[in-house]
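Asker: Here the protein sequences line up with chains A and B, keeping their order. Going by the working numbering, the first sequence opens with residue 1, and the numbers climb by one from there. Going by the working numbering, the second sequence opens with residue 1001, and the numbers climb by one from there.
Please keep in mind that the hints were generated in silico from the structure rather than gathered at the bench. Where hints are given, some of them may not hold.
[Stated by the list, open to error] What follows is a set of in silico ranges between Cβ atoms, one per label pair, in the way DEER data are often shown:
no., chain 1, residue 1, chain 2, residue 2, range
1, B, F1048, A, G12, 27 to 37 Å
2, A, Q27, B, E1213, 33 to 43 Å
3, A, G12, B, A1002, 52 to 62 Å
[What the hints assert, rightly or not] Residues of chain A clear of chain B, computed beta-carbon distances all greater than 12 Å:
no., residue
4, A14
5, V15
6, F17
7, M20
8, E31
9, R39
10, E60
11, Y67
12, M100
13, V106
14, F120
15, Y122
16, Y125
17, L131
18, E151
Think of the CB as a built atom: it goes at the ideal place given N, C-alpha and C, for glycine as much as any other residue.
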Amino acid sequence: MARIPGEGLAKGLAVTFKHMVRKSVTQQYPEVQPDLPPRSRGVIALVEENCTVCMLCARECPDWCIYIDSHKETLPAPEGGRPRARNVLDRFAIDFSLCMYCGICVEVCPFDALFWAPEFEYAEYDIRDLLHEKDRLGEWVGSVPPPPPHEVGAEPPKEAVAASRPARGPAGRTGDEPARAGAGRPAAEPAEQAGQAGPSVGPSGRSQAEDQGERGPAEKTARREAPGSRAAIRAIRPPGALPKRPPASATPAPPSETPPETPGASETSGGAARPGFSGTERRDTSSTGDESPDIRPAAASPGDEAAGDAAAGADSPAPPRPAAGSPGDKAVGDAAAGAESPAPPPPSAAGSPGDEVPGEGPARREPPRALRNVRSIRPPGSLPKKDAPPDRGGEG
Amino acid sequence: MAEVLDVALRLIVIVVVFLALPLVVGQMEHKAMAHMQSRLGPMYAGGFHGWAQLIADGVKFVQKEDVIPAAADRRVFALAPAVALVPYLVVLVVIPVGPGLFGVDLDAGLFFVLAVMGVGVLGAIMAGWASGNKYSVLGGMRAAAQLVSYELPLVLAASSVAMAAGTLSLNGIVEQWRWWWLPWQAVGAVVFFVAGLAELRRPPFDMPIAESEIIMGPMTEYTGLRFALFMLAEYAGIVVLSALTTVLFLGGWHGPLLPGPVWTLLKVLALAFVVIWVRVSYPRLREDQLQKLAWVGLVPLALLQLALTGVVKLIAA
């Protein structure tokens, strides 16, 4: 095939002309903020309430740029056992002049206290100002976006599945099967609803409310100033946290119990309060939008569908729960089981302030989930901890 | 009195066009080139898509220090930008924009235009010689070589049109123009346009400037306002070349629906766009390729066009 003379010249002209009519990809950055995906490595946000000063992040940090100070406080045990010692965070600082944004601290945090936020405009004139103390780190929490939804039809997040299982118990094998069944059902449900909400459970369950509602806009707003997501994150309880609001409602003497706790740790009171306020709005959304029930327990959250499922079954004492419910003793999970069965009123009275919609759904769901889940959740990468064996047994 | 007023008005309009159109073409180059390179180009100056960028550039140039090298031939150095710029202004005087819309209708308008455009190149040669800089001299020599090579096809192609129209008056040529001249004079049009590009030292024929080899050629030592005048001369040259091509080969104000001057303006801007387009698309020629293109490519083609024009003219007559 003979080459047409001037063909190459015409090709060159065509290329440039095509580029001219094509839309330019230039981003007008200062005027138009970039649309960063969730989990963009912008800045690390700290949810102070969730930090148990386990020091994992500080130890794993390749740059050693995380500084943590803490002290121990002893709390009288709720049931009159030996007093419990717990860590109180005094200082948590990340030096972003050293940080290399590897994200290992976020990965390694077993208590969902560290998150990636897509903010990146925190340049300073003085390098020393890049040391963000915990209040500054806490401010970033507001811009943590909700995690992207899973694919339609994907398996529900591990956390959700785990949370729907009975907490633990020596009678693991027996409790196992029903639990599986229980887990299986919710798994199917989310798949159905996935089209609309995706596995809205989100591993950590933050901002499910948004997930449920209008996804698109919600996500956008969530990026910049997501009150919802913030509330959700705040609501996440670390697995190890002691029961803040007396689940003790189950136990005979609630009044005697609550006072002792509050003096012990400022955090407890704070923790007790926080779920309250953040809980209200969440609760509102949940009560309006039917199925965004739980966010607080979300840390451990079972899929809400799972939760709903459990809750639905809760009227008639759900099979799995009692089975696994375990005679378990000191465990919070136990208390949870206890709190669960007594039914809505007590938790509402004790834990969450006036928000409690008498409505069956939310009221019933929350307390159980929060407590049940807590112990059953394992961070994906973590090695089996000391209390793992029982869990394993429970989970099969 | 009325005659004087008439002449004054025409001259004022021409000066305004001379100052405004190069800016329009420059802005078009900024934006079109940017988008062809997947950029946005100026976006800030003036607020709307950087429309005031060239004005801002002008303000910047005015504020700069006017440096004249110690080794420079001061007078020639200072005069060179004017020599480069003024011929294009003079050429605009004789270009007809619409029926009866022209500065002056010269009988030998085509001669005048080609002669004066040749003077424009002298500005570059003067600047190259006077700067006292080896790069400038090299650039000046290249400009001279380019002028010598490309003046010939330019004149040959233009004379083909003059033959076809039977007149040297630009106004007369446009009046004689018929649509079938387009295919008839197509080769001549291409030769004229390409040779004109080379004469303007526009890419891909910008060997005299060739940043990668000889800094900025004749303009190496120029700063501030003088440099701005050279740039203005370049864009004025684009306008003049586009206008001449329009008048000689594209029928000037002839066109359906729209009034004549609008047609002229549209054709001029379209050709100016082609100048920019070619600049963005092609790499710079080498010096020997440039000479080869002129003598092996354009001159024979222009002669062919001349022969074709003569044959058709004879048969038609």
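Asker: Could you run down the list of hints and mark each one as holding or not?
Answerer: A quick look at each hint next to the structure:
no.	hint	in the structure
1	B:F1048 to A:G12: 27 to 37 Å	holds, 31 Å
2	A:Q27 to B:E1213: 33 to 43 Å	holds, 35 Å
3	A:G12 to B:A1002: 52 to 62 Å	holds, 53 Å
4	A14	violated, 9 Å
5	V15	violated, 7 Å
6	F17	violated, 7 Å
7	M20	violated, 4 Å
8	E31	violated, 9 Å
9	R39	holds, 29 Å
10	E60	holds, 42 Å
11	Y67	holds, 42 Å
12	M100	holds, 32 Å
13	V106	holds, 35 Å
14	F120	holds, 22 Å
15	Y122	holds, 25 Å
16	Y125	holds, 24 Å
17	L131	holds, 35 Å
18	E151	holds, 33 Å
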